[in-house]
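A.B. asks: Now for the letters of each chain:
Number of protein chains: 6
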Amino acid sequence: MFYTDGKLQYPVRVEKPNPIFARALQQAIGGVEGEIRVMMQYLFQGWGSRGPKKYRDMLINTGTEEIGHIEMLSTAVALNLEGAPLSMQEDVANDGIAGAVLGGMNLRHILSTGLAATPENCNGVPFNASHVYASGNIAADMYANVAAEATGRALAVRLYGMTDDPGMKDMLSFLIARDTMHQQQWLAVIEELGGNTEQLPIPNSFPQSEEANRFSYAYFGHRIDKQIPMGRWTEGASLDGKGKFEPMISEPLGGEPVLAPPRPDGGAQTEQVQGGMAVPPAANDPSLGGAPNVA
Amino acid sequence: MFYTDGKLQYPVRVEKPNPIFARALQQAIGGVEGEIRVMMQYLFQGWGSRGPKKYRDMLINTGTEEIGHIEMLSTAVALNLEGAPLSMQEDVANDGIAGAVLGGMNLRHILSTGLAATPENCNGVPFNASHVYASGNIAADMYANVAAEATGRALAVRLYGMTDDPGMKDMLSFLIARDTMHQQQWLAVIEELGGNTEQLPIPNSFPQSEEANRFSYAYFGHRIDKQIPMGRWTEGASLDGKGKFEPMISEPLGGEPVLAPPRPDGGAQTEQVQGGMAVPPAANDPSLGGAPNVA
Amino acid sequence: MFYTDGKLQYPVRVEKPNPIFARALQQAIGGVEGEIRVMMQYLFQGWGSRGPKKYRDMLINTGTEEIGHIEMLSTAVALNLEGAPLSMQEDVANDGIAGAVLGGMNLRHILSTGLAATPENCNGVPFNASHVYASGNIAADMYANVAAEATGRALAVRLYGMTDDPGMKDMLSFLIARDTMHQQQWLAVIEELGGNTEQLPIPNSFPQSEEANRFSYAYFGHRIDKQIPMGRWTEGASLDGKGKFEPMISEPLGGEPVLAPPRPDGGAQTEQVQGGMAVPPAANDPSLGGAPNVA
Amino acid sequence: MFYTDGKLQYPVRVEKPNPIFARALQQAIGGVEGEIRVMMQYLFQGWGSRGPKKYRDMLINTGTEEIGHIEMLSTAVALNLEGAPLSMQEDVANDGIAGAVLGGMNLRHILSTGLAATPENCNGVPFNASHVYASGNIAADMYANVAAEATGRALAVRLYGMTDDPGMKDMLSFLIARDTMHQQQWLAVIEELGGNTEQLPIPNSFPQSEEANRFSYAYFGHRIDKQIPMGRWTEGASLDGKGKFEPMISEPLGGEPVLAPPRPDGGAQTEQVQGGMAVPPAANDPSLGGAPNVA
Amino acid sequence: MFYTDGKLQYPVRVEKPNPIFARALQQAIGGVEGEIRVMMQYLFQGWGSRGPKKYRDMLINTGTEEIGHIEMLSTAVALNLEGAPLSMQEDVANDGIAGAVLGGMNLRHILSTGLAATPENCNGVPFNASHVYASGNIAADMYANVAAEATGRALAVRLYGMTDDPGMKDMLSFLIARDTMHQQQWLAVIEELGGNTEQLPIPNSFPQSEEANRFSYAYFGHRIDKQIPMGRWTEGASLDGKGKFEPMISEPLGGEPVLAPPRPDGGAQTEQVQGGMAVPPAANDPSLGGAPNVA
Amino acid sequence: MFYTDGKLQYPVRVEKPNPIFARALQQAIGGVEGEIRVMMQYLFQGWGSRGPKKYRDMLINTGTEEIGHIEMLSTAVALNLEGAPLSMQEDVANDGIAGAVLGGMNLRHILSTGLAATPENCNGVPFNASHVYASGNIAADMYANVAAEATGRALAVRLYGMTDDPGMKDMLSFLIARDTMHQQQWLAVIEELGGNTEQLPIPNSFPQSEEANRFSYAYFGHRIDKQIPMGRWTEGASLDGKGKFEPMISEPLGGEPVLAPPRPDGGAQTEQVQGGMAVPPAANDPSLGGAPNVA
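Protein chains in written order, with this note's numbering: chain A, 429 to 723; chain B, 429 to 723; chain C, 429 to 723; chain D, 429 to 723; chain E, 429 to 723; chain F, 429 to 723.
Be aware that one or more of the hints could be misleading.
As the list makes no split between identical chains, a pair holds if one copy fits it or if it spans any two.
Said to hold, decoys possible - Simulated pairs of lysine-lysine, DSBU-like, Cα-Cα distance not exceeding 30 angstroms:
1. Lys435 to Lys482
2. Lys435 to Lys672
3. Lys435 to Lys597
4. Lys670 to Lys654
5. Lys444 to Lys670
6. Lys444 to Lys654
7. Lys444 to Lys672
8. Lys444 to Lys482
9. Lys482 to Lys654
No lab work stands behind these hints: they were computed from the structure.
Given only the sequences and the hints, what does the whole structure look like? Please build it.
C.D. replies: Printed below as a string of structure tokens:
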């Protein structure tokens, strides 16, 4: 169950409202790197948490913090929209030199909300809850959370660079700090659970003897010139301590797939039904011409 | 530029076709944990890669591998649909004991594709490319990739458990092994770049002096009883070596937000325009009643 | 800012887990009539509220309640999934008589979440935040909220009828009661603001003298037989007390629209460019044949 | 079955084409407050109507009117695009002073349609038919329709304010008038059916004795300071005449939820499986620290 | 402007209601091959039509027919839902032998609509209006329409095969006939405009001298074995009479792309900024290892 | 299985980067007329291909080419973003005369990708894989492919006209040429299979004796004035040689639909349940008034 106090977690001030920055801030509300996503992600991870209770508590607790971040950003959007032009005439009158503002706005800020935030990204695309990752696997979830906070902090840093409004910079300096902590927090869970040597591969409950081990630590090359991009991923011990990285040219281990012909009553063309083949093509398939035009 | 040889990276066999397993496999094609997502994610990360060329090459190379995984899974879906019922009559005739099959299918496998795969998830929801994370920040991208491969391997393991078809188990054992490697691969990049102490917080190019440092390593408590869920995230050195974790009760640092009243010509109700307040409410706001019903 | 206590607003018990009912319950989480929608709708309405502060407070307060409803329902989904089959073999073994269960499940409950809720509807379609109505007009918002709670209570009543699990019926009896109140609550705001005579038409701040008054209280007939469906909407005083309902046959007041021909460099076919007309067609347009085939 | 006459319901004139206003008008076509939505909503409500036939007839009749509104607006978009720049060069040449136009356009108006309307909103987001509410409950549907027409009229009023083109203002004055009527129309159905005292709570066919009556007319307070926002919704008779409003502090009536640990073969981490608890935590759970940092 | 008569274009009878067939029929309403799509596609093509008026008239006329097809199918869905189980108990009682029905239904037919159609496909995915193709190029549109009617007729034929209800077969025989005609109709426009020799390539208003003619009639081979799939597309005159088909091995005509390094203030990692290269890599790039593992 | 060489199929040069043209180019990547769509469409058609193997090979081969087109366009987007403004201050400083650039950008190019492409269209709407048509019917698929390439070439031509950058024009001249060929290629398959006389109606495997032949070659008129738009589609032999076009006034062949009343326990209003009718209305239905207002 949840409670509120109607106050902001951190002050939100805007000295010089900027409707285009209001649009940019929307990315931090309804973008895939934004706060609606992490709020719902942490809460759904917590609500569906199976296993040690401490992680449920930690997740729901931090998910609760994130609701307040949406509140801060929604307030920031509304404040950046104070005084925004409502008509084409105002727009040109207000800002004839540096270019019209209205064309760069999320027009729904005028037309749909009366100068307030929407649960959309900076291009007006509504948040889609398929971005809420809650896999039932705590290590997978922690990495999903690190990814969310890493892209989230990159976003906040870019918004910080985009504005020179001191109030907005102050608010963003707080959100950036919280993203710093949240990156740490999720990695701390991995460490607490034994770190990568214990936690990898994810899920670690599947017996690795059942996977095709020959390929578990090989970096596959798919370059036509058979060159392989080298790096830490092609040499040395694997990070879970269970194997050794190696480069490997990828070769087809399977043949050409053969599907049954369509059923006569299945809505295909008659020519498909009659022309279908139940056996693999011969090696010298006549429909494949010789190379006519090699440079 | 890209090339193909028309063959499968690994053999795909189905001994006993199962149209409901065909539907389940769709999650690995068009689900958020699936192969279309990682294919596009690695390719877009590579195509937009700025900085050392080796990462571009590595990303595009692995993205190219993933195209072939979609091919394998699409073949597996089609083979699981061989002999699927096309009509209500067949359905009941085929499977009168264990329950009808047709109701559990993705009906588009019959109606839209003529017994072949779609770029959709197991519930028939089409893949949405907003899941392609390519942030321009290599560390953020690597963690997004780990998350994709961690949820991807969890999915593959669950599919492995769902079926007892030996061909399908064999194919999945290969995909599971590749997911093992790919989890490693992206973490190996982080290690190559100096590991978490160098790479965190992401982005590491933003001067931390500009963030609100007081809050950068604090785990905030939002429990109404002021209890804080304790763990590695509330004590010890932070994982970037730059701070020390601490628990902190979250308190509102900002006040109640105050927005300007609506403009008279802005499409609000007259009562809002007239009732709007340009100044903050007094502490003893009469519209907030005293608690009438405390237990 | 927000807080939690980790407890449920109302007890959630499941006596006999039912994975298909788990899927049905998802509609109340991520469906358009569900709790994510009202949670976000009330919070965004509150966060963007302009005008009397009491409505902001009331909206955020009730939005906070709704977060807990998602929590209850997510718990109910997880409890209905306890013991759900994870494989085709289990499925048939468990439920060979009444029909297989697995085909009727949201397979993501197995494959993506490890037996927990998702922010999706009963067909697995993720919640889309375009359903968050927050118009900046309080009367429009109140009616949007009534609609949400009316469809929400219809949904809860249908779920109540679908199950005979006493725990589920008990939980739903609570949610139904809350929907009863919430329908009332939003209509009470309309009443407090003066009721329909004051509040209609919405927005009431637009001068009605500028609308085409001739058509403001007319019910238009579009039946080819010129019959008009009669009712309260065709007779008596209008509900805002400002007009009188009347039936009216709809007649075209405008002519046939004429657009300029395509630009030669605009990507149309040459035949369109050359065949375009800048003047309206003559009344006896030769391309319109006489009726050749009247019954 | 449906018919047309190729003419516009009301004249559509544009004196000074404005490609950015064309983009704004799209909200009234494909936005959630727009005409595609109401057209489909009224038609689907009518086509699925069960119960008295007069409502079916009325709904289909008005849905038919709305098709013509999309036609009018599509014409208005096309006329506002006459003469729009097709190239970066033209754009700058045309409008070097007031700011470039092309950046503010829906670029699909150039690239995808050849200067014509799309079924999208003002940000280019395509209409999504999940917004078609047709609940099978006539009162719920009527309120959904009022909400659609209230937000629709707010939108039309804002578009009216945005332009000073006399032709566009004239067209919008007609659409605003129709929205006035349609708000009335749906409320007239509620009145005809007995008004709120008869119709509430929706659905009124569910026996209220089965809901948790203690909470049916209580406004819950979720403020941490136990203040409750007071208003009509906390005092006086309820609007259905069946209860009395009261404020009530919300208290958790349920405990902390407890889910079973993950199955060993369910794709979780081993640590979750082993650390899971089948019994509720003790009150003095050691993982919850004492409050370390109370202000 | 539009009119209706409240009657069905063709009789819709259901002898034995089948809720799973109701779900299947949804594909013909809200699927990408369905009637909402063609209705909106033809109307938007007509409303945005530039050039000869006769095509506008023809398109709007046929779009008007399609509205009635949605009406027929919505009626068919509702009739197939008569008597559908509303509860788990009913479901098992009704259909204990052939498998439970409820699991195979679109549960929104029970929970959201009260046994009526939705604007969704057979998996419950709502119609998305991005499928409305109206390109402003009449030949492109005609081919888009042929594609819609070809997939539409394949769908109708598959539905016809799925059911043995005589009423449903009769209705579908009508819709199949209409799809036959509509395929013809759009191709007839191409013929009237001069056929493929005149109309291709689309758009035919672009001077072909400005395209890279060397590649305009070449079928590119991307097989790693340099075999090219041969057919009509590799030999003979092209269908527009302007060229001659030829097979051609695709070779990279461009080099490796080089992007500037990230800006220091752009949110990348420091290592990217420092490691970036402004010049192309040398041919013997040391990060590309020699092939270590050639079979 | 797939391979790459890291090179571009055709050179991509940008002489004068233009961030708004970068946004426009996105339509060719992630728009419905773009390259992600055709890449996935041809690959899924190939992977699910049943019938003659040569079509599978041809489809996969061309799908492989399209991956490289996405690569070219993603490179073009990144190059057009070189030097783009990252802040409001830069923006105004850079381009004070011709209007600000930042407002016209896809802000995700700054905020989400660090100046690189996204899999989105020109308005920032992510690609949705429901656009991947792979019907299992080769003729339907070929027409879907022609439609994709026709709208795709119209798009490329419009982009060509929008820019005057010589590098971009050169790249587009190549893509336009490839679209020319691909339009031909799919139509060549139809010709190879016997042309329209053999292939129509699609699917040609359904016995036309089972369709309602009376209506298979009739163009229906839905004009209220019973005028029918005449053209090739109303006279002469049908294009499949199996019938003769004729105009026909559309008349309702079915009556008014009658649905059962709602079930008492189905969540409708009581008034619907009681007022429902199980028999058709009398011809002189009293709820339909006489025409009161005929002009």
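A.B. asks: Next step is simple, just say for each hint if it's right about the structure.
C.D. replies: Hint by hint, here is what the structure shows:
1. Lys435 to Lys482: Both: 28 angstroms inside a copy, 14 angstroms across copies.
2. Lys435 to Lys672: between (54 angstroms within a copy, 28 angstroms between copies)
3. Lys435 to Lys597: Within one copy only: 20 angstroms inside, 37 angstroms across.
4. Lys670 to Lys654: Within one copy, since 27 angstroms is at most 30 angstroms while 40 angstroms is not.
5. Lys444 to Lys670: For Lys444 and Lys670, the Cα distance exceeds 30 angstroms both inside one copy (57 angstroms) and across copies (35 angstroms).
6. Lys444 to Lys654: neither (57 angstroms within a copy, 36 angstroms between copies)
7. Lys444 to Lys672: For Lys444 and Lys672, the Cα distance exceeds 30 angstroms both inside one copy (57 angstroms) and across copies (37 angstroms).
8. Lys444 to Lys482: between (44 angstroms within a copy, 27 angstroms between copies)
9. Lys482 to Lys654: between (49 angstroms within a copy, 15 angstroms between copies)
Violated hints, listed in ascending order, are 5, 6 and 7; each of the other numbered hints is respected by the structure.
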